[in-house]
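Given only the sequences and the hints, what does the whole structure look like? Please build it.
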Amino acid sequence: MGHPAIALVIAMNLRNPSARQAAAAKTRREARHPGSQVQIYCQREMWSALARGLDPNWRVLPLTENYPGDAVGAAVVLIGGLKNLSESWTAAIRDHRANLLYAIGSDGAVPQSGSLPIFAVVHIDAPPAVLRSQIHAAYDNLMLLRRQREMEKLVQRSRSEIDRLNEIGVALSSQHDRESLLNLILQKSREISQSDAGSLYLVEDDGHGVRRLRFTLTQNDSVVDIHGR
2 MGHPAIALVI
12 AMNLRNPSAR
22 QAAAAKTRRE
32 ARHPGSQVQI
42 YCQREMWSAL
52 ARGLDPNWRV
62 LPLTENYPGD
72 AVGAAVVLIG
82 GLKNLSESWT
92 AAIRDHRANL
102 LYAIGSDGAV
112 PQSGSLPIFA
122 VVHIDAPPAV
132 LRSQIHAAYD
142 NLMLLRRQRE
152 MEKLVQRSRS
162 EIDRLNEIGV
172 ALSSQHDRES
182 LLNLILQKSR
192 EISQSDAGSL
202 YLVEDDGHGV
212 RRLRFTLTQN
222 DSVVDIHGR
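One point on numbering: in my numbering, the residue at position 23 of the sequence shown is 24, and numbering is uninterrupted.
Rather than coming from a laboratory, the hints here were simulated on the basis of the structure. By construction, the Cβ of each residue, glycine as well, lies at the ideal position given by its N, Cα and C atoms. Any given hint could be a false lead.
Claimed, not checked - Here are the in silico distance ranges between beta carbons for each label pair:
{"hint": "1", "residue 1": "ILE125", "residue 2": "MET152", "range": "33 to 39 Å"}
{"hint": "2", "residue 1": "ASP56", "residue 2": "GLY81", "range": "16 to 22 Å"}
{"hint": "3", "residue 1": "ASP207", "residue 2": "ASP178", "range": "23 to 29 Å"}
{"hint": "4", "residue 1": "ASP141", "residue 2": "ASP222", "range": "37 to 43 Å"}
{"hint": "5", "residue 1": "GLY81", "residue 2": "ARG160", "range": "44 to 50 Å"}
{"hint": "6", "residue 1": "LEU145", "residue 2": "VAL211", "range": "53 to 59 Å"}
{"hint": "7", "residue 1": "GLU46", "residue 2": "ASP222", "range": "52 to 58 Å"}
{"hint": "8", "residue 1": "ALA127", "residue 2": "LEU83", "range": "17 to 23 Å"}
{"hint": "9", "residue 1": "MET152", "residue 2": "LYS84", "range": "33 to 39 Å"}
{"hint": "10", "residue 1": "GLY170", "residue 2": "ALA121", "range": "49 to 55 Å"}
{"hint": "11", "residue 1": "SER161", "residue 2": "GLY81", "range": "43 to 49 Å"}
Given below as structure tokens:
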């Protein structure tokens, strides 16, 4: 009789979904509501009125003193002066949570922004189609950067999963303690799937052609044992 096969039962921790699941869910939400996440913070009310007339799907808000802690999605900031921009807003712009559009008037004077990145300088008297295009470009740029970061995290996670699988492969060829090997297989399987708990069953042949599952091992990080470990 050969070595028994292994069956794993994994219990996912729904409070902490994997990065792949979260990214996929976010992509689905954005596909259903492509314009719902565009937020424009305007320094002047006349610019707010102008932005509302460009696209009814945009969420146009007055420029707050500080970057909103509950901000969702990408933020585009339309301002005409940098002196009163708070540290929280400048940090959000540097971290690519927001893109800065600097509005200029008929004089065409370009601001000195120092180290603060300005995505584009917009002429406030430009045709609506031009302004709409510049705001969309600022938003799309942020979303592309965000997706790039998400893909980098997924690649990193995939590499980590490969490393864990390699650890199991090495253990299969070098580990002679069956109990330790089964514990390692279950542990690494839970790490890869980001699961709180899991059980391991051996698929055994009874010698008469009938295969049965035999419970062998369980692990659970969410349940504290009677000794408080």
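| field | Hint numbers not upheld by this structure, sorted from lowest to highest | value | none
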